[in-house]
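Student: Residues per chain are reported as follows:
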Amino acid sequence: NAGVMQNPRHLVRRRGQEARLRCSPMKGHSHVYWYRQLPEEGLKFMVYLQKENIIDESGMPKERFSAEFPKEGPSILRIQQVVRGDSAAYFCASSERGWNTDTQYFGPGTRLTVL
Amino acid sequence: AQKVTQAQTEISVVEKEDVTLDCVYETRDTTYYLFWYKQPPSGELVFLIRRNSFDEQNEISGRYSWNFQKSTSSFNFTITASQVVDSAVYFCALSEALSQGNLIFGKGTKLSVKP
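Chains P and X, in that order, are what the protein sequence lines are.
The numbering of the first sequence is our numbering, which starts it at 1 and goes up by one.
The numbering of the second sequence is our numbering, which starts it at 116 and goes up by one.
Treat the hints loosely; a few may be bogus.
If we take Cβ atoms under 7 Å as the criterion, some of the chain P residues that face chain X in the derived model are [as the list claims (entries may be wrong)]: (1) Tyr48; (2) Ile54; (3) Asp56; (4) Met60; (5) Thr103; (6) Tyr105; (7) Phe106.
With a straight-line cut-off of 16 Å between C-alpha atoms, the simulated EDC-like cross-links for lysine to aspartate or glutamate are [stated by the list, open to error]: (8) X:Lys222 <-> P:Glu72; (9) X:Lys222 <-> P:Glu41; (10) X:Lys153 <-> P:Glu63; (11) X:Lys225 <-> P:Glu41; (12) X:Lys225 <-> P:Glu96; (13) X:Lys153 <-> P:Glu57; (14) X:Lys185 <-> X:Glu171.
Don't read these hints as lab results, they were simulated from the structure.
Backbone N, C-alpha and C define an ideal beta-carbon position, used for all residues, glycine too.
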């Protein structure tokens with residue numbers, strides 16, 4: 001039973017480029033969450049998606065960041081025109097049923113470095 | 116406002132010592148869930164335990180035990196007879212009934228177990 005998969009594990013971008021982070025949830029899970037971890041900090045919630053729907057994006061920066069979870073394929077977190085402050089670890093989690101009754105299982109994370 | 120505080124930033128112990136990691140939370144909800152996750156040096160997040168607000172029974176799993184005290188809004192984690200492999204950052208997290216399921220994390224406690 002494969003866990004949550006994220007790729008790439010490490011991503012280096014120059015300022016102004018686009019970053020695309022992918023997340024495949026655990027088998028049978030249809031709820032995906034994205035979190036960001038800045039150095040020496042805890043994780044901060046960004047967005048919660050179900051298939052083809054954004055449920056809660058209250059933690060997403062208003063500009064340059066977007067997320068999707070299409071009917072087929074992985075969830076994508078897209079960061080346009082990256083800046084140095086976007087350097088962080090981005091974690092994806094998935095759950096079976098959603099809401100706070102469910103445990104979220106995390107992927108290994110994508111470490112984004114912006115030069 | 117909802118908040119999770121892990122006052123201990125770093126703890127260092129010698130192998131076989133017992134160690135307790137503190138977690139204090141704030142919430143207005145009467146229904147909520149508390150979690151502990153482990154982040155080893157490799158970087159992934161490993162789920163350890165979930166506890167709902169109506170279940171104040173302490174839990175033991177091998178060398179790990181958790182003490183949930185609603186009266187003091189604390190959910191502390193004890194490792195008995197610590198081992199070098201326990202070295203990691205440990206995060207406490209809160210999920211509220213009225214949220215969409217997003218987790219609120221503390222800043223983490225870095226535990227170093229020395230041989």
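Student: State for each hint whether it applies.
Tutor: We went through each hint and held it up to the structure:
| no. | hint | verdict |
| --- | --- | --- |
| 1 | Tyr48 | holds, 5 Å |
| 2 | Ile54 | violated, 10 Å |
| 3 | Asp56 | holds, 4 Å |
| 4 | Met60 | violated, 11 Å |
| 5 | Thr103 | holds, 5 Å |
| 6 | Tyr105 | holds, 6 Å |
| 7 | Phe106 | holds, 4 Å |
| 8 | X:Lys222 <-> P:Glu72 | violated, 35 Å |
| 9 | X:Lys222 <-> P:Glu41 | holds, 5 Å |
| 10 | X:Lys153 <-> P:Glu63 | violated, 32 Å |
| 11 | X:Lys225 <-> P:Glu41 | holds, 11 Å |
| 12 | X:Lys225 <-> P:Glu96 | violated, 30 Å |
| 13 | X:Lys153 <-> P:Glu57 | violated, 26 Å |
| 14 | X:Lys185 <-> X:Glu171 | holds, 7 Å |
Against the hints set out earlier in the document, violations occur for numbers 2, 4, 8, 10, 12 and 13.
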